[in-house]
Amino acid sequence: MADFIQLFINGLALGSVYALAAIGFVIVYSATGVVNFAAGQFVMFGTFAGVAMLANAGLPWPVGYAAALLAMAAFGALFFIVVYLPLRTSPVVTVIIGTVAVGIVMQNAALLGFGSWPFRLVSPLEGITIDIGGAAISAHAAMVVVVTGLLVGLIWLLFYRTALGIGMRAVAQDVEAARLMGLNVNRLLALSWMLAAVLAGIAGLLLGPMWFADVNMGDPIALKAFAATIIGGFGSLPGAIAGGLFVGLTELLGASYLSSAYKDLIAFAVMILFLLVRPQGVFGERIQDRG
Amino acid sequence: MRRYHSLLAAVAILALGGLLSLVLADYRLRLLNVSVISAIAVIGFNFAFGLAGLISLGHAAFVGLGAYTLAILSTAFGWSPWLAIPVAILVTTLFAGLIGYPLLRLRGHYLALATLGLNVSFTIVVTNWISLTGGTNGISGIPELRLGAFAFNDERRFLWLGLVLLALCAAFAVTLQRSRYGRAMMAVRDDETAARMTGIDVTRVKITALCLSAAFAALSGTLFATHVRFVAPEDFNYAHSIIYLAMLIVGGEGAVAGAVIGAALLTFLPEWLRFLGDAYLAFFGLMLLAILIFLPTGLVGLAAQLRRLGGHREAETTS
Amino acid sequence: MTLLHATAISKRYGGLMALSEVDFRVAPGEFVAVIGPNGAGKSTFLNVLTGLTPPSAGRVLFDGRDVTRAPTHRRIRAGLGRTFQHGRLFARLSVLENVMTGAAIRTDRTESQLRALSLGMLDRMGLVGEAHRAVGSLSYGQRRMVELCRALACGPKLLLLDEPAAGLNLGEVEQLMARLTALRAEQELAVVLIEHNMGMVMRLAQRILVLNFGCRIAEGSPAEVQSDPAVLSAYLGEGYGNAQH
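Protein chains in written order, with our numbering: chain A, 1 to 291; chain V, 1 to 319; chain L, 1 to 245.
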């Protein structure tokens, strides 16, 4: 039982990270219609922003975290200008491949900057464990779950209780109508990219101490975030959360109880099954290809 | 005149490749072999992506399935590779047809994600089914291809074989593209509903395109296996699918010439840009992005644009 | 003799009845117009007939066969043809290739036969000079004529035209009417025309079906429909006014 509780909490923590990555992915998709195949590299950038600020620059962790997220927000804005704006009228295919190309650039830029040797990103709660039902839970894993819960609440408040968030939702629903309502569409789209980048950054900072900071970590995260998005329902925020938690839990529980070699296959098998049987996912929202 | 296009493509490949096979040194010949093998896969990919508009990020899985089928049949079962090649192509094509039925109901990014998942799943299975595939150690000792006493066991000889096969593949692809079947695929790519409205069975056209692309991929995979004589999971992971995609986009999607040019260019480019060192892949990504933004029709499209521009000038000066 | 026979076609979208129990017959070679205000269900009706939208209830018989559940391409191969309201061409194929795609519906035609047939079709529509152009470089009117050529190249017995005159200038509308008339003089071709241009409808149609809110409110000869009080009050006055400017 203690083993199960430990696995379950760790699975929730990993799932929370996937959920955050998936939420960033969904926000960008809803707002701009872009399926961001570089989403995993955003998370990797988040981890390395943490490495740069905490390990390399030696900042105390509150300052370091804030600086890392600020850097991610700036990166989101840069991505908006350099990648999104030039490709915004291109066909879906082109945009997909464009983000794949950017992902390659990001991964190899990190390789150039940090080398292929993995880094260790130390958690502020390093070494602390909590006893739950006889299971020793790492405080960091518990913090990941709590922080993700808080963030989900904040995102909900942003989208449903602030003028800014409602504007972002309006743009996501209908760009032309939003423009006619006098909203500054480009500013809201840029904010969506920045928000997605910050969320990916938080995911990266939380993930860093759980894995090693490795420049190749982006792809596996992206694949899990995609699986989470499909399972939960493309374009749905609750779906991204549920899907992320599901993928994280199957990964850890599956590795332990079924097969560690095939643990990743479970998530993809479920994803492909959903694509075939229920492509709108659990929290199915509208399915449509945007031009 | 028009019907000689396919012949022209074949002759161009044989002549240029044959010439290069005589003048290039062994290491360059090896790269040329890699180009030829990739080009066959990319010509196949062009059926699915360039003609039928199917966004697949899993083409390398088909290449891998072909390569592994040949590797297993020719090592564990001791088959002649000549016999294993058609069987590998058949197995891969059947597999593509089988998964095509459910998969091709998906469009756009859904299809991209599903095929990406397929490629990742392929890698996981090949890595972990150790009794059959040797896991990460791969399968070595794949026999060489030989005709009687003539073994295709050095780079130059293998290249001749590869060039002949590539020429045949290119001629077939050019012929198909200019036929009703090619037009049906392009019609499906451009507008599915309108394609239905001209009596086209869209599902069948898509599955045919996927099966054709898988068959070419499998041929490429069997050549890969008999060239390197060793296969391992990382040769067929989804990064390779993205490279095939990039080759087609750089060369010019929708065109056989684009597939061949893109495959050759992206095989030699790391060599030419060796001074970039670790920065090559970052450059590669930037180049791909720049081509998507500024040159969406690839090098072949650029050539056509330049020709049109030239023609335009001529017309202006004569009038 | 009935070529197309649709019985009690209904289409429901949630609580909205887009079509309710519409009966419709077309005889071989007949020219029928379907008119009605915007949102009357005309395009939905064509979608049901061509199999793009499954009906909630009702049956479609074409050429003696029940095609209610048949996929679109089967219906087209059986002799149904259609053009779209806003024109849908294969954007990256040339004009000729677009038409050849239609002609290829008969699998026994060789490539050169496809080419000859399609060029002939383009010639008849006055577009042979544009055969090798990219469809993107054509004018709107030309694009719609190419779409018509493509549908005709399929050799339909019944052609469904969804607002073919929309967006055309007066001269182009005249040309379109002349060519449709000439075509029908040469071969037996039934036409169902959806159109807001009442002048065109009145000149070409032998019979008119009037839809409003998904229901059939009148059917008859142009003269009958024009004098039908239900039509006049529901639609025609307003529609006629629109067509004049």
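Just so you know, these hints were derived from the structure itself, not from any lab.
Note that the coordinates shown come from a computational prediction; the quantities given were computed from them, not determined experimentally.
Cβ atoms here follow ideal geometry from the backbone N, Cα and C, with glycine treated the same way.
Hints are supplied without guarantee of correctness; some may be wrong.
[Stated by the list, open to error] To list a few chain V residues with every Cβ distance to chain L over 12 Å, as calculated:
(1) L7
(2) G138
(3) G141
(4) A151
(5) R156
(6) A184
(7) M186
(8) A187
(9) V188
(10) T193
(11) M197
(12) G199
(13) I200
(14) V202
(15) L265
(16) L306
[Unchecked claim] These stretches of chain L come out as covered by chain V in the derived footprint (C-beta under 8 Å, 3 or more residues):
(17) 71–82
(18) 94–101
[Unchecked claim] Examples of chain L residues lying across from chain V (beta carbon under 8 Å, computed):
(19) F31
(20) L52
(21) S56
(22) A57
(23) R88
(24) A91
(25) I105
(26) D108
(27) L114
(28) C154
(29) K157
Now the hints, each set against the structure:
1. A cut-off of 12 Å between C-beta atoms confirms that L7 (chain V) is not in contact with chain L; the least separation is 16 Å.
2. Against chain L, the non-interface label of G138 (chain V) holds: every CB pair exceeds 12 Å, the least being about 41 Å.
3. The beta carbon of G141 (chain V) is kept farther than 12 Å from every beta carbon of chain L, the shortest such distance being approximately 47 Å.
4. Every beta carbon of chain L lies more than 12 Å from that of A151 (chain V), the smallest distance being close to 41 Å; the non-interface claim holds.
5. Remark: the non-interface label on R156 (chain V) is consistent with the geometry, its nearest Cβ contact in chain L lying 39 Å away (cut-off 12 Å).
6. Look at A184 (chain V): its CB is around 7 Å from the nearest CB on chain L, not clear of 12 Å, so calling it non-interface is violated.
7. The beta carbon of M186 (chain V) sits about 6 Å from the closest Cβ of chain L, which is not more than 12 Å, so the claim that it is off the interface is violated.
8. With a closest Cβ-Cβ approach of about 5 Å to chain L, A187 (chain V) is found to fall inside the 12 Å limit, against its non-interface label.
9. Chain L draws V188 (chain V) into its interface by the beta-carbon criterion, the shortest separation being 9 Å against a cut-off of 12 Å.
10. The Cβ of T193 (chain V) does not lie farther than 12 Å from every Cβ of chain L; its closest approach is about 7 Å, which violates its non-interface assignment.
11. Distance to chain L contradicts M197 (chain V) as a non-interface residue, since its nearest Cβ pair spans about 5 Å, not more than 12 Å.
12. Listed as a non-interface residue, G199 (chain V) fails to keep its Cβ farther than 12 Å from every Cβ of chain L; the least gap is roughly 4 Å.
13. Against the 12 Å criterion, I200 (chain V) falls within the reach of chain L, whose nearest CB is about 6 Å from its own CB.
14. Here V202 (chain V) does not stay apart from chain L, with its beta-carbon only about 7 Å from theirs, under the 12 Å limit.
15. Under the 12 Å C-beta cut-off, the non-interface status given to L265 (chain V) relative to chain L holds; the minimum distance is some 23 Å.
16. Non-interface status of L306 (chain V) relative to chain L is upheld: no Cβ of that chain comes within 12 Å, the nearest being about 17 Å off.
17. A stretch counts as covered by a chain when three or more of its residues have a beta carbon under 8 Å from one of that chain; for the stretch 71–82 of chain L and chain V the count is 7, and the coverage holds.
18. For a cut-off of 8 Å, the count of residues in the stretch 94–101 of chain L with a CB near a CB of chain V stands at 3, and the three-residue condition holds.
19. Below 8 Å, beta-carbon pairs count as interface contacts, and F31 (chain L) has none with chain V, the closest being about 20 Å; its hint is therefore violated.
20. A cut of 8 Å between beta carbons decides the hint on L52 (chain L): the least distance to chain V is about 7 Å, and the hint holds.
21. Look at S56 (chain L): its Cβ only gets to about 21 Å from chain V, farther than 8 Å, so that hint breaks.
22. Hint on A57 (chain L) is violated. Least Cβ distance to chain V is approximately 23 Å, over the 8 Å limit.
23. Contact between R88 (chain L) and chain V, as hinted, is supported at the beta carbon level, the nearest pair being about 4 Å apart and thus within 8 Å.
24. A least Cβ separation of about 5 Å between A91 (chain L) and chain V falls short of the 8 Å threshold, and the interface hint therefore holds.
25. Look at I105 (chain L): its Cβ gets to within about 4 Å of chain V, closer than 8 Å, so that hint holds up.
26. Restraint check, D108 (chain L) versus chain V: the minimum CB separation of about 11 Å is more than 8 Å; hint violated.
27. Proximity of L114 (chain L) to chain V holds as hinted, the smallest CB-CB distance being about 7 Å (cut-off 8 Å).
28. The interface hint given for C154 (chain L) holds, since its Cβ lies 6 Å from the closest Cβ of chain V, which is under the 8 Å cut-off.
29. Evaluation of the K157 (chain L) hint against chain V yields a violated restraint, the C-beta minimum of about 13 Å exceeding 8 Å.
Violation of the numbered hints given earlier is confined to hints 6, 7, 8, 9, 10, 11, 12, 13, 14, 19, 21, 22, 26, 29; the remaining hints are satisfied by the structure.
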